[in-house]
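With chain A fixed as given, assemble chains B and C onto it according to the hints.
Chains A, B and C, in that order, give the protein sequences.
Just so we're aligned, residue 0 is where the first sequence starts under numbering that gives the first Met the number 0, counting upward by one.
Just so we're aligned, residue 0 is where the second sequence starts under numbering that gives the first Met the number 0, counting upward by one.
Just so we're aligned, residue 0 is where the third sequence starts under numbering that gives the first Met the number 0, counting upward by one.
Worth flagging that the hints you see were computed from the coordinates, not collected in a lab.
Glycine is no exception: its CB is placed at the ideal position from the N, C-alpha and C atoms.
Any given hint could be a false lead.
Distance windows between CB atoms, simulated [stated by the list, open to error]:
1. C:125 x B:57: 49 to 55 Å
2. C:49 x B:82: 43 to 49 Å
3. B:16 x A:43: 42 to 48 Å
4. B:2 x A:91: 34 to 40 Å
5. A:14 x C:58: 45 to 51 Å
6. C:50 x A:50: 50 to 56 Å
7. B:57 x C:5: 54 to 60 Å
8. C:14 x B:16: 36 to 42 Å
9. C:122 x A:6: 43 to 49 Å
10. A:91 x C:45: 29 to 35 Å
From the derived model, a few chain C residues whose C-beta atoms are all more than 10 Å from chain A [claimed, not checked]:
11. 23
12. 26
13. 56
14. 84
15. 140
16. 147
Now for the letters of each chain:
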Amino acid sequence: MADVAARLAELGLELPAVAAPAGDYLPAVRSGQLVFTAGQLPFVDGALPATGVVGEASGLVTPEAARDLAARSALNALAAAATVLGSLDEVVRVVKVTGFVASDPAFTGQPGVINGASELLGRVFGEAGRHARSAVGVAALPLGSPVEVELVLEVA
Amino acid sequence: MADVAARLAELGLELPAVAAPAGDYLPAVRSGQLVFTAGQLPFVDGALPATGVVGEASGLVTPEAARDLAARSALNALAAAATVLGSLDEVVRVVKVTGFVASDPAFTGQPGVINGASELLGRVFGEAGRHARSAVGVAALPLGSPVEVELVLEVA
Amino acid sequence: MADVAARLAELGLELPAVAAPAGDYLPAVRSGQLVFTAGQLPFVDGALPATGVVGEASGLVTPEAARDLAARSALNALAAAATVLGSLDEVVRVVKVTGFVASDPAFTGQPGVINGASELLGRVFGEAGRHARSAVGVAALPLGSPVEVELVLEVA
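Just chain A, same shape as in the assembly (with noise of 0.2 Å):
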């Protein structure tokens, strides 16, 4: 267990508050070593960056957007993990992330948008960042988010 907090500067990174759940639910829950936390919109200070399915033509979101949209969608999935812990050093390791994106039916390159968020994982935690993982392409994401990323990790 690192000090995130410390790490997380050194990347230039600084933890987000935490977004108001889109309905009657909690950020992150605790039960027993694991913390599940709410599908997280890439929220920066309160606004989607973009609305939009993703995919290669004109008019859609790009996959280069999309996979910054699944990092920041990973920031604010650790600040909501946040909400249950003392601090993200209790963090033992990331276990699985699950990102559903926003697809486009022609658009097949879900796992380059979801590593966007795997990678960020990965610089802030080191070795324990890294995780078992789904990537799927759906056909509409709340508030028209092109992508939603949600975690399981285990805590000491």
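Chains B and C only, in chain A's frame:
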């Protein structure tokens, strides 16, 4: 841990019969202190009250109707969980809700739909009913169901 | 806990080589008594036997073909789980299966497709292979795969 049966009665609700799984699987499985339910459709007496995708356009399932279906799916999920518990009084808390909404590509109100499930769980379990949640919009669901809800519960 | 290797041989199955993850993640992670696999595509010798969405219309992947692909995804998921276990004999039971089916919007037979995975797990593990399950129809999956299957296993 409350008297869940009494609380359901107060709310005018009855734990339904468990729908036969749509394949070679179980309504719920317990592992340690966690119960994972199968994804539940909003069956009432063995039939889906509505089918189709959710959206604002004419001919689609309305978000308001879908919200009621999500509540029913959550109630069915409690019935599923009860198959592996002596009593729902063993539920310590609702940990995670995942809500899938069969969505018109233009529909982004999945959180409002899945609030039907979240609010039912809050009414039944109070503070212990508050959970982490993901809501996503998918292309199609089994049998044309507009919604599907699965739960992870912590049990005593 | 049975002799899973012998059982696979009886069934004419061989545990495949683990597909390289499509990004910066691991095939499976163990946390306590649970193993979470990454979402598995139906790779055979490093290639997808079919791509496209599943449906009844001409030109689509048939539900029957998709069912076989779901079985293969489940077998690949067992290979993924084996990477964090000394042996699959440590599997106490299959807890949860989530099956994503890339679906034509008119296709609602996701349960029949994911039965391919459920039945394989039942054949391999017997009663211990019975699990809770969600099956959903999504817009698109990585690399154009028609199906993706992830597992949660309880291990000794």
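Hint by hint, which ones does the structure fall short of?
2, 6, 11, 12, 15, 16
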